Structure formats: structure tokens, C-alpha cells
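*Asks:* Take a look at the letters that make up each chain.
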Amino acid sequence: MEFKDTQAIYLQIVDWMCDNIVKEKWKSDERIPSVRELGILLEVNPNTVMRAYECLQNQHIIYNKRGLGFFVSEDASVRITERKRTEFIGQVLPEFFRQMKLLGISWEVIHCEFEKLNREEDS
Amino acid sequence: MINCVMMKEIFDICRFKALAWKYYRENMKTILIFLGVMVVVTFMVVCKFNPFRMEYTSLYTGSNYLDRYYGMFAKIFWGLLGFFLLFAASYSFADFMSGKKSFGALLLPASSFEKLLLAILNSTVVVFLLHVAVFYSVAHVACSYKYTGFKEADKIAVAESWSGFSYPVLTSGAEIVHPKVGNVFSVVDRFSESSAYTREVEDGTGVRKERTVYFTPFVVWNLLIMYWLYFVFVFMWGSITFRKRSALLTILVHGLFFLFLGWLVYRVGTVFWKIPREEAMLYGLYFYNTGELVPLSASWLLLLYIVPLTYVGIIWKKLKNKQV
Amino acid sequence: MMIRMNQLDFSYRKKNVFSGLNLTLSEGHVYGLLGKNGAGKSTLLKLMCGLLFPERGEINVMGYLPSARKPAFLSELFFIPEEIYLPDLKMSAYAELLRPFYPRFDRQMLEEYMEEFEVSLDERMSRMSYGQRKKALICLGLACNTRLLVMDEPTNGLDIPSKSHFRCLIASVATKDRCIIISTHQVRDLDNLIDALVVVEESRILVNVTTDRITEKLVFKNLEEDESALFAEESVKGRWGVVVNENGEDSKLDMELFFNAVLQHPEKIRAIFGNDKVND
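Order-wise, the sequence lines are chains A, B and C. Read in order, the letters of the first sequence are residues 1 to 123 in the working numbering. Read in order, the letters of the second sequence are residues 1001 to 1324 in the working numbering. Read in order, the letters of the third sequence are residues 2001 to 2280 in the working numbering.
Fair warning: there could be bad hints in the mix.
SDA-like cross-link-like pairs, simulated, lysine to any residue; straight-line CA separation at most 20 Å [said to hold, decoys possible]:
#1 C:Lys-2070 with B:Phe-1113
#2 B:Lys-1317 with C:Ala-2068
#3 B:Lys-1322 with C:Lys-2217
#4 C:Lys-2176 with A:Met-50
#5 B:Lys-1101 with C:Glu-2111
#6 B:Lys-1101 with B:Val-1040
#7 C:Lys-2217 with C:Gln-2264
#8 B:Lys-1100 with C:Glu-2256
#9 B:Lys-1320 with C:Lys-2217
#10 A:Lys-65 with A:Ser-34
#11 C:Lys-2070 with B:Ile-1013
#12 A:Lys-84 with A:Pro-94
#13 B:Lys-1322 with C:Gln-2264
#14 B:Lys-1100 with C:Lys-2090
#15 C:Lys-2176 with A:Glu-37
#16 B:Lys-1100 with C:Ile-2084
#17 B:Lys-1318 with B:Phe-1011
#18 A:Lys-84 with C:Asp-2250
#19 B:Lys-1100 with B:Val-1307
#20 B:Lys-1100 with B:Val-1039
#21 B:Lys-1317 with C:Pro-2054
#22 B:Lys-1317 with B:Phe-1011
#23 B:Lys-1075 with B:Lys-1100
#24 B:Lys-1317 with C:Ala-2271
#25 A:Lys-4 with C:Ser-2011
#26 A:Lys-65 with A:Pro-94
#27 C:Lys-2090 with C:Glu-2116
#28 A:Lys-23 with A:Lys-65
Just so you know, the hints here were simulated from the structure itself, not pulled from any lab data. This structure is a prediction, so every number in the text was calculated from the model and none was measured.
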């Protein structure tokens, strides 16, 4: 797997795993690869993979069954969307607003573009 | 081969067997080449010096001439053995000295003692057994090739070779007996109790005396073994000390040591054995008395084993401290 | 604690290589040993293995003194040097010859790894190319399942797909009880496998720290023109550099950048990471 320069590896792994869950490659209550298996697959040190798993566990996107491995939580998709929302509002938006201010783009222009996009999608 | 479960520190028979097997399998090619060289060299030497002239065999033990030149067969045997041992000993630790092979050799999970023991066995027992096998095979082949079909003969004359020493030959028209391949270990008989070694010596005052020394077979065997072990260990020491041209450098270094050894024996001889100065000999094997028969005490001689054993100790120490 | 070096002194041909060197390495990590040419990386590895002896100081590896070369110690260590030697045999035969010496040797693993690397078990190793032989030795070393695995420039000579396979293999053998030490110039080859870095320079260890800790304390990102940095380089992407992480930002560790920063500002780096040892 190709990793970007800009983001910590474990976070990129988290994103990739979330994508898999959302795309239903890994379904609810289904077993996901072990830390070691994923390490081999992605060519990443298992300790780093573990960090990603811990992160996802903390957000209750996956859970651990002792002796059996890691499984996708039932409400994983919901939680992922929640997580992405938080990320969007917490990180993407501030940057977006900053750019807006920097380039002097008003809210009306944004609204206009948004409407344009909706119309294109509908047709 | 299964894993050796018990990991003893210094010597483990299972691990040693694995070490030996690995060595032979890995170096099979080199060993076969060495064997091939042994066969070729032995054959060439045997044909050139032709020890199968009937006079060099052990058949005519009654004849003075034949007794005297009896040793030719043995000389070739021991000479070639020395050559092959020198060669093998000089390369015994070549793998450990430097370069790519050395990491694997030093880090192989076996004790230094086991590695040393294998090197010693290879340079002594293995080469010796190979040499005996090769020599006697070649001897039998050369023997049967050259002289089959001849019958008993009884006419012998004496001729002189280019080096000035006389040897018995067959007169023309005589028939030769079917030669046998001799026994090179009969050198033990030569020096054993039943046949004492007698020499006539001048003692400086014009009086000729007879000196007689007895060696028991036990003594002779030990001297033989000890001498060869020393010889081999010296070159093994060279192998673990010098990275290149170890044989040559060993001889150079020991040239001086042999001189020192000679001086040492001379000093020891003159002080402890009250030997007249002009008669102390380099290798300390001959001890003279004033005409009485003195059997050489075997137990004293075994002390000389200290010399080769010291070398082993030094080699072991060097192996343990080898850095690459 | 897997390896501890205490006040190590070592000279080579009258040149002082290490003096007063201290280093502690733990199991459960894949260490990347970095240093400029001639900084002493290979020497350090050889000291760990007992191929070289220190003049002063102590080395303790897995509880043993490496220079004693006890078989029990040697059977828990596998060293893959830069210049490798393999005999003129098939690997399948050679592996059986080595098996008695390594208690946890796993034949099955060897076959799997060789297959992954696309190296034949039944080809005479003398007929293989350098890269193939290197791969074969790596497979053998991994299959011996030793607790300590030391490699000097393992990816040298490996083609691009093989480097990828190598990463997979390292990922699969990196367990909690094992320690893997890789000395390398090609950090990119092992980017995500290394989880701790040791930088050697001028006879001492400049830093010994986990990658997590590095990304905790430092940030690797695009910088402004005038932003001061520990180290930065100009590129098409702008000014890419490393600065102290004041805002708890997350970034991806750029090992080459980090290495350059360590060499340029060793005191600053030391101040940031203190006497961090990689401990569990």
C-alpha cells in the first residue's frame, strides 16, 4: 500500500480500514484481519498497526473478542460517519474558512456554487 | 538430522556430529579434489622412485643389502604423508580468518572446542586414513601393473645411483619375485627392543665406542605420534595466525624456533643428562651412554606430549579470541 | 532488555571508533541503525554478535557476553552481513545441515519464504545471482527463528518487488519477544517497518528512540519560507522540513529528514528526546 507523506501512518491505516467498513468489504460483526496479518499485507510494523486498532477500538468502531480476534462493531458505519463528521468540522472546515477569508470569498459565492453542484447532480 | 536438544556448553556429541556432517557436505568438492591430488601425486612419486623393486620389499629379510634399503617404501609413505598433512593443516582454519566465510564459521552455534576438535581430526586422522587408503591402493595398482608374472630369483648385484648410494639390482637374465607391498609401520620394529640401534662413534680421543639405545614399541609409537602431532599442530597454528601464505610463514617463524628448540635440548641434555657436548643431537631422540644398554624410560617421554598439547592450547585460545 | 552496551571503547587500527558508548535495545522492536559512511554501524553490529571484542566496557546481549561465543547464545542469534557466503549446495540441503544448530528452525517457514521471494530451494546456490543468494540467506535467517536478528544492509541488491516481499516478511516475524536490528542507508526501503531509530555518529549514539516518540515530539511538514526548522530542504512541493511539535500535530515520520536533523543539531535533538531509551 502506498502511504502519503502528509499524514501519520497509523491514521492512514485507520482511514483505510474505515473505508473498507463503509464499502462493506468488512461487514458488521465480521472478523477483520489480525494485527499481524494486516502488518504483512500493508508492509507495516505490527506495532504501528496495533496503534490503528487501538484508535478504532477507542472509537468503538471495532471490538476485540479474546482469543478470536477483532470484529467490526454493529454500529460501525454510524460511528465512522460520526468520526468523519467530527474530523470534517474540526479540521477541514477551519482550513476551508481560513482559505475563504484569505481569498476574500464571501458566503454568498459558496452558497451559489453549492446550488450549482446540486442542480448538476440532479440532471 | 533432528535438532540437538541438550545444549551442553563445551562438548555435545550430537552437535559435534552435526558440525562434522555439515563440514563434509559443504566441502565435499574440495575434499574430492584433495583426494584426487593425493592419488595423482602418490602415483607419480611411486612410479618415479619405484619402491617396488623387489629389493625394497620385505621379502629378503635375511640379506644385508635389502635390510639397509628396506626403508625406501616407508620413506615415500611418510614423506608423502608429511606433505599432505602440511597442506591440510595449513588450510585447517582458513575459513575462520577473514572474509565472507568467517562470519558463518565463528557464529555457527557450536563451541570453539568442537570446532577445534573437528579441525584437528580432519588434519590428522582423516588425512592419515585417506593417505593410507590412497597409498596402498596406488601401491597395489602400480605393483600389479609393473611386475606381474615374474618368478623367484636369487641373483642380486649392487649398483650405484646418481646420488652416490648403492642399491641392489637384478642381473640380466634373472627373474624377480612377485613383489609385495611393504609394511610402513615396521619402522617400529626397527627401533624396538628386539633390534637395538647401534652406532659406532668416535669420542674425540680416537677411541671408537659402541652406543646402544633401546626403544620399546610403546615408546616408538608414542614418539611417532607425538612427532606427527607436533608437525601438524605447528602448521595448524600457522593457519590460525597468518591470513595468507600460512605454510611459508610458519616455516619461517619455526625455522628460528627449531634452532631454539635444538639449543634448548642441547642445554637440557648437557645439564641433566650429562651428555658430552659434541654428542647432543637436535631432536633429542638419541641418548648416549658409555657402552651400557640403557632402555629409554617411556614415562619420561610422554612428558614431551606437552609440546604438541601446548600448541593445541594456544590454537584453542586463538580461536576463542578470533575477531574479524 | 535485549542488548545493553555500557561505556564501550573500541578502536580499529589506532583509530578510535567508539569511546564511552552506551546503548540499550529492547525486544519487540525493529530497529533501524543509521549513520554516515564509516560511522561504525557495521562495527557496532559485529560487537553485538561477538565478532569483535570491546577494549573497555561491557556488552550484554540476551544475558550473555557475546565474546564468549557460547553455543546457547549463538543459537539465538542470526547475523546477515553485507557480504554473504553460501556454499555450493541446494538450499534444501543446506537448511538441513544448519537445522541441528538452531532449536527453533522451521522448515515450513523456510519453504514459504523462499516461495514468496521466488527463490528455488532446489537450485545450487553458487549458480544464483547475488540478489537471489541474498534473498535465500534472508529466508534462512528468518526461518531459524532466533530471538535476535541482525542485518547489515539487507535490501542491498534486492530488486523492487523483492524489497516489498522483504517488508512483508519482516512484518510477519516482528513479534514481542524478538529483536530485529537493521543497519541501512536505504531507509525508504524499510520505511514503515522500522519502529525505532538509532543514529550513530562520531563514536557515540546520538539518539535511540521509537518512531512514535519522534512523531510525538517532532512534526514533518511543508514549511513557510521563513519558518525556522531543525532541518529543511527545498523541493517542488515547497519547503519540506522538520520542526518541534508544539501543537501536538500528527505527521508521518520522514526518516531521511530526521537523520539529517539529528546530524545537524545533535544537541537540540538530545535536549528534545533526553535519555530516551526504547523500553517497553
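*Asks:* Keeping to a limit of 20 Å between CA atoms, is the pair of Lys-2176 of chain C and Met-50 of chain A held or broken?
*Replies:* holds, 12 Å
*Asks:* For the pair supplied as a hint, Lys-65 of chain A and Pro-94 of chain A, is the alpha-carbon distance within the 20 Å limit?
*Replies:* violated, 38 Å
*Asks:* Lys-1322 of chain B and Gln-2264 of chain C were given as a pair; does the straight-line alpha-carbon distance stay at or below 20 Å?
*Replies:* violated, 38 Å
*Asks:* Given the hint that Lys-1317 of chain B pairs with Pro-2054 of chain C, test it: the Cα-Cα distance must not exceed 20 Å.
*Replies:* Roughly 17 Å between the alpha carbons, so the hint for Lys-1317 of chain B and Pro-2054 of chain C holds.
*Asks:* Given the hinted pair Lys-1100 of chain B and Ile-2084 of chain C, is their Cα-Cα distance within 20 Å?
*Replies:* Measuring from Cα to Cα gives roughly 6 Å; hence the hint holds.
*Asks:* Need the status of pair Lys-2217 of chain C, Gln-2264 of chain C: alpha-carbon distance at most 20 Å?
*Replies:* Between Lys-2217 of chain C and Gln-2264 of chain C the Cα gap is close to 17 Å, so the pair holds against 20 Å.
*Asks:* Can you confirm whether the C-alpha distance between Lys-84 of chain A and Asp-2250 of chain C stays at or below 20 Å?
*Replies:* Holds - the C-alpha atoms of Asp-2250 of chain C and Lys-84 of chain A are around 17 Å apart, at most 20 Å.
*Asks:* For the pair supplied as a hint, Lys-1100 of chain B and Glu-2256 of chain C, confirm whether the alpha-carbon distance does not exceed 20 Å.
*Replies:* Distance ~30 Å between Lys-1100 of chain B and Glu-2256 of chain C Cα, so the pair is violated.
*Asks:* Does the structure keep Lys-2070 of chain C and Ile-1013 of chain B at a Cα separation of 20 Å or less?
*Replies:* The hint holds at about 16 Å.
*Asks:* Taking only the CA atoms, is the gap from Lys-1322 of chain B to Lys-2217 of chain C under or equal to 20 Å?
*Replies:* violated, 44 Å
*Asks:* Quickly compare the C-alpha distance for Lys-1100 of chain B and Val-1307 of chain B to 20 Å and report which way the hint goes.
*Replies:* violated, 33 Å
*Asks:* Take the C-alpha atoms of Lys-1101 of chain B and Val-1040 of chain B, compute the straight-line distance between them, and say whether it is at most 20 Å.
*Replies:* violated, 29 Å
In summary, the numbered hints that this structure violates are 3, 5, 6, 8, 9, 13, 19, 20, 23, 24, 25, 26, 28.
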